[in-house]
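Protein sequences, first through last, are from chains R and Y.
Numbering of the first sequence is given in full-length UniProt numbering, commencing with residue 1 and proceeding in unit increments.
Numbering of the second sequence is given in full-length UniProt numbering, commencing with residue 1 and proceeding in unit increments.
By construction, these hints were calculated from the structure, which means they are not laboratory data.
Careful, some of the hints might be misleading.
Said to hold, decoys possible - Here chain Y is said to cover these stretches of chain R; the calculated rule only asks that three of the stretch's residues, wherever they fall, bring their Cβ under 8 Å from a Cβ of chain Y:
{"id": "1", "segment": "68-75"}
{"id": "2", "segment": "111-120"}
{"id": "3", "segment": "216-227"}
{"id": "4", "segment": "249-261"}
{"id": "5", "segment": "265-274"}
Please read these numbers as outputs of a predicted model, since none were measured by experiment.
For glycine and all other residues, C-beta sits at the position ideal for the given N, C-alpha and C.
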Amino acid sequence: MRLLTSLLRRMLLGLQNLYEGEGGSPAKCCVLNPHRLLRRQNFSAKVTATELVSYWRGVFEANGIPEAQESSEYIVSYVLGAKTFHSLGAGSFSSPLTLEHRQQIQQLSMKRLQRMPVQYVLGEWDFRELTLKMRPPVFIPRPETEDLVSLVLEEELQRSGSPAVIVGHQCPTVVPHPVILEIGCGSGAIALSLLSKLPKSRVIAVDKEEAAVNLTRENAQRLQLQDRIRILRYNVFSGSWEQLLSWGPVDTIVSNPPYVFHGDMTHLAEEILSYEDHGALDGGNDGMRVIKKILALAPCILKDHGSVFLEVDPRHPEMVENWLQNHPDLSLSISATHKDLFGKPRFLHIQKHKAGDRINKNSFACPSIHLPGVSC
Amino acid sequence: MKPHRGVGLFRSLLANCFHRYHHHGSPLVKRIGHMMELSIFRRNYLLNIVKPTLSFNDWSRRYHQDFRALWKHEAVEKYLKTLNREYQRVGQLLNSGSMNEYDQSTLSKRHTHLSTLVAAFQEIQEAEREVQEIESMCTKLDGRDEKQLLELALEEKEIINQKIDTFCKKFFQSIVPREKHDESDVILEVTSGRTTGGDICQQFTKEMFEMYQNYADYKCWTFDILNYTPAEIGGLHHAAAHISGDCVYRYLKYEGGTHRVQRIPETGLSSRMQRIHTGTMSVVVLPQPEEVDVKVYPKDLRIDTFRAKGAGGQHVNTTDSAVRIVHIPTGLTVECQQERSQQLNKEIALRTLRTRLYQQIIEKDFSQKQNARKLQIGTRAQSERIRTYNFTQDRVTDHRISYDVRNIKQFLCGEGALDELINRLLESAEMEALIEHLENFKSLEGGG
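Using the sequences and the hints, build the whole thing.
The following block contains the structure:
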């Protein structure tokens, strides 16, 4: 009798699974009890990757997990040793999964069911060419930030590539070893990308959180970039700026500071609110608390004509410009605003002008005509 | 002034013969007569020589003979004579030393090129003379005592003949016009055809894609999958890969086209379906351009992502990194979702887009220049079946050169058997290109 009911149940659930597979909304019982479906999955001996992806998508959808399809694909591919479902080897789609794989997928999917971000579930994510370890609560780098790195790279390559312009201003003919400071390094994504792309550079990476400092260090070692990076625990509000000068004044400061307006924090998704460090997101009432602090520090740390690259909220470029005009003593001005891939003004390129330039206030709008790559 | 005119005349005579053909337009009747002669020439003579037999065991021997036969042909003789003449006159002009630097350098380049040809040509003539000597000697040798000597002489003759065969082959290969993109990397796309029976098309597409993957391995090339869309019932709908390495396009260009499969579906069908089904899949091989070849302007692009809506930045944490790029002027659309990094996906998509745009350019190029070529190379006009894989008879047939291979399994491993077929195709195409080249030459000679 028991055998019969279990058979009947399997038949029913099988039917339901078919229904999901055709893109219809999954049956209601998943919402109530995903565990019942899990059991069914363990019963059947042959499950392929494709089937498992659509199965977990159904479970995620039924439980209101965002990006159900993507989450399911990433988890299954990760367990099978690939980065995305599309890069999964040809044979892997239809061959049955081992019990071990299925259990691992189930384990990870249970974490996702708790709204844990996929990057934390897998414990790793890609940033440009690098694969980095990810661990809560250290901030997960966003795709926009990949472009911030591109901007810094462009600037550095341009500087070392056109020595003639620099010669005229008594700078060394080449910039052999640019020193870059990253404030708020998190997982180390920006710092390590720059190091890997600029083989002669050195980077000082600081963060106020122990967890972030440790994760950056781990990632640097995994990528064997630890020799050209100094990783410090440092708080811009309490630390003394001399600590940052262990390699002398720096050429470039780069930062993806917390820039979410405090009022917007409550609108963030549960993945972010429950798992990521709020300190890496909350920029205070105007989203500029840390931005202002960085800009106030910059003149002391930067070489003449040094640059600050910041990722900001689309409302910020104008606000920062006004703020800088009210603080002429900082000798800083925005030399360019760049849009992100989605067309939003997202990145600020700010430059320090030479101490002498400060006398003439009119030069403020166009302070550094001597440098390449500046649009005046 | 005089030498200049000489050089100019020379060029119009040899290099830009087309001009001459058009300018000195012959009367219509004569032209038609000439064309007829050309087509007869092609069908009755050259192609008969070249056309391989159905049994392929002795193909490679025949192939040598083909070149040898070509060597004897009057058109070739004429061509060689002209080459020789040109060589001598270029030499004279160079010695006279009375021309500007530009002409000097173009002429000396031509001179080195010709000198290698002439040297090879003379080698062959030399060898032929030797053979003649031996033959004439043989006719004199009839006494019994001289039987041993005769055998020796015949042996010697055989060796020299073989040498001539190789010389001929080498010589003709050096005058075959080279393809512009032979050195390029390629993008290879496979697409399954409409299914008539079960999953055979998708299944076959998957096997084919794996075959090319193995072949890349066999040739020590790099095989990067760009996208892979599996069929739900198993098998493969569509996939693309970027293959880089030594002369990839040269070897893969004749793989483009429709491949037909005939087999009994393997899985899960009612007995009604258990009969031989015919299905197809198509392969497209695009030469991959160098970065500089195609300019893509950012203003012409629309980049779609799934992240585009909302505040973006720190406000959201989404993982969908797929990127779609639309090239607005042409409407071309490319997608990439291979990578977890959006930036990498964008770069790959841009690379694919450049390849597609480049493909459009060279397609135009091809259709202008290569209308007559029988083996349709690299173009998308690939409606014609190029090869059949008959599983029930365990046989692969290439329809272009009527070539049969037994043992499909081994063939689909993408190793020696496939390589052998590809080389046959290449040789046969080279032969065709050579004939076309010589025909063009002949028509120019005769057309004035």
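Do at least three Cβ atoms from the segment 111-120 of chain R come closer than 8 Å to Cβ atoms of chain Y? holds (count 3)
Take the segment 249-261 of chain R, compare each residue's beta carbon with every beta carbon of chain Y, and decide whether three or more fall closer than 8 Å. holds (count 4)
Using C-beta distances, would you say chain Y covers the segment 68-75 of chain R, given that this needs three or more residues below 8 Å? Contact hint for the segment 68-75 of chain R vs chain Y: holds, 3 residues under 8 Å.
Chain Y over the segment 216-227 of chain R, status - at least 3 residues with CB closer than 8 Å: violated (count 0)
Check whether three or more residues of the segment 265-274 of chain R sit with their beta carbon closer than 8 Å to a beta carbon of chain Y. With 5 residues in contact (Cβ-Cβ under 8 Å with chain Y), the coverage given for the segment 265-274 of chain R holds.
In summary, the one numbered hint that this structure violates is 3.
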